[in-house]
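Protein chains: 2
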Amino acid sequence: MLSHQTHEVEPVYFDDIEPGAEIVSHEVAIEREAIIAFAAAWDPLPVHLDDDAARAAGFDGITASGTHLLAIKHRLLYDFGFEHTVVASFGFDEIRFRAPARPGDKVRVKLRWESKRLSDSRPGVGIVRHYCELLREDGRALLSLYDTILIRRRPDPTAD
Amino acid sequence: MLSHQTHEVEPVYFDDIEPGAEIVSHEVAIEREAIIAFAAAWDPLPVHLDDDAARAAGFDGITASGTHLLAIKHRLLYDFGFEHTVVASFGFDEIRFRAPARPGDKVRVKLRWESKRLSDSRPGVGIVRHYCELLREDGRALLSLYDTILIRRRPDPTAD
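Heads up: the sequence lines are chains B and X, in that order.
Take the first sequence: its position 98, counting from 1, is numbered 98 in our numbering, and each next residue is one higher.
Take the second sequence: its position 159, counting from 1, is numbered 159 in our numbering, and each next residue is one higher.
Simulated from the structure, these hints should not be mistaken for laboratory data.
Here the structure is a predicted model, which means the values were calculated and not measured.
Treat the hints with care, as some may be off.
Claimed, not checked - Residues from chain X that face chain B, not an exhaustive set, calculated with beta carbons under 10 Å:
#1 VAL28
#2 ASP43
#3 LEU70
#4 PHE82
#5 ARG98
#6 ALA99
#7 LEU135
#8 ARG136
#9 GLY139
The beta-carbon is built from N, C-alpha and C at its ideal position, and this holds for glycine as well.
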């Protein structure tokens, strides 16, 4: 599993977001045992479970399930304190599995803010689209997607 | 976890696919313990872990993580024998979380074939796009997405 360190998180609010800016999570290693456990539960393809099968398919050994990468990506988003500020996700677009993830790969999430606007119908929240990549240590993207989220404005300290 | 019954699977090949046709998986129940275990590992939002927090957010109790629904969807695809015929996924598009999943919900996957064409560059395989829904017992979609896959042609029994 991932090591779920407790990070001191400064939540990201709508007001903090500048289109074009990027934020990056901490890094976690994808362990061999975690690849196999996730695949056994959710995606028991031989290339995720057995080195020989993976080599026969042209890889250097087992690779992580794409769904596993989505789960790792999601866990790393907690670095940004979204659990305090994100109301909902409208959904993901253009999910691409761009390179295989191997045991021992160290990965982090990088978000690039694409656009922001206040909600017409809901006061206190805005709609933000970001481009999200799961990056390997050497900078190569393993996974990328767009996410459109409903996120709170920073509370006004002068309000009642 | 899901019950991973062994199903007698007749793999779906490129040749079997008729755009407009639909195929449906078996049904699995989403257990409360599984919702909590998945969320604790990958998406520890209070609404996935704690009934009081979920009620405060307007739900009837805990709801499953969207990433958990993606994992369940993926596991159910094995009903179609894709592990024997699908070479790769180009990626998912328009992933939408359309309704909350609650403990005890029974779900299945429905695929609707959207389009098919032979690969220009790779003999023996074709490119197929499908619309995939995770449906509750009452027919309501909890999750939907498009997936574009590279899938094998049925082996020619008269070939060497």
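Outcome of the hint check:
no.: 1; hint: VAL28; in the structure: violated, 12 Å
no.: 2; hint: ASP43; in the structure: holds, 5 Å
no.: 3; hint: LEU70; in the structure: holds, 6 Å
no.: 4; hint: PHE82; in the structure: holds, 9 Å
no.: 5; hint: ARG98; in the structure: holds, 9 Å
no.: 6; hint: ALA99; in the structure: violated, 12 Å
no.: 7; hint: LEU135; in the structure: violated, 17 Å
no.: 8; hint: ARG136; in the structure: violated, 18 Å
no.: 9; hint: GLY139; in the structure: violated, 20 Å
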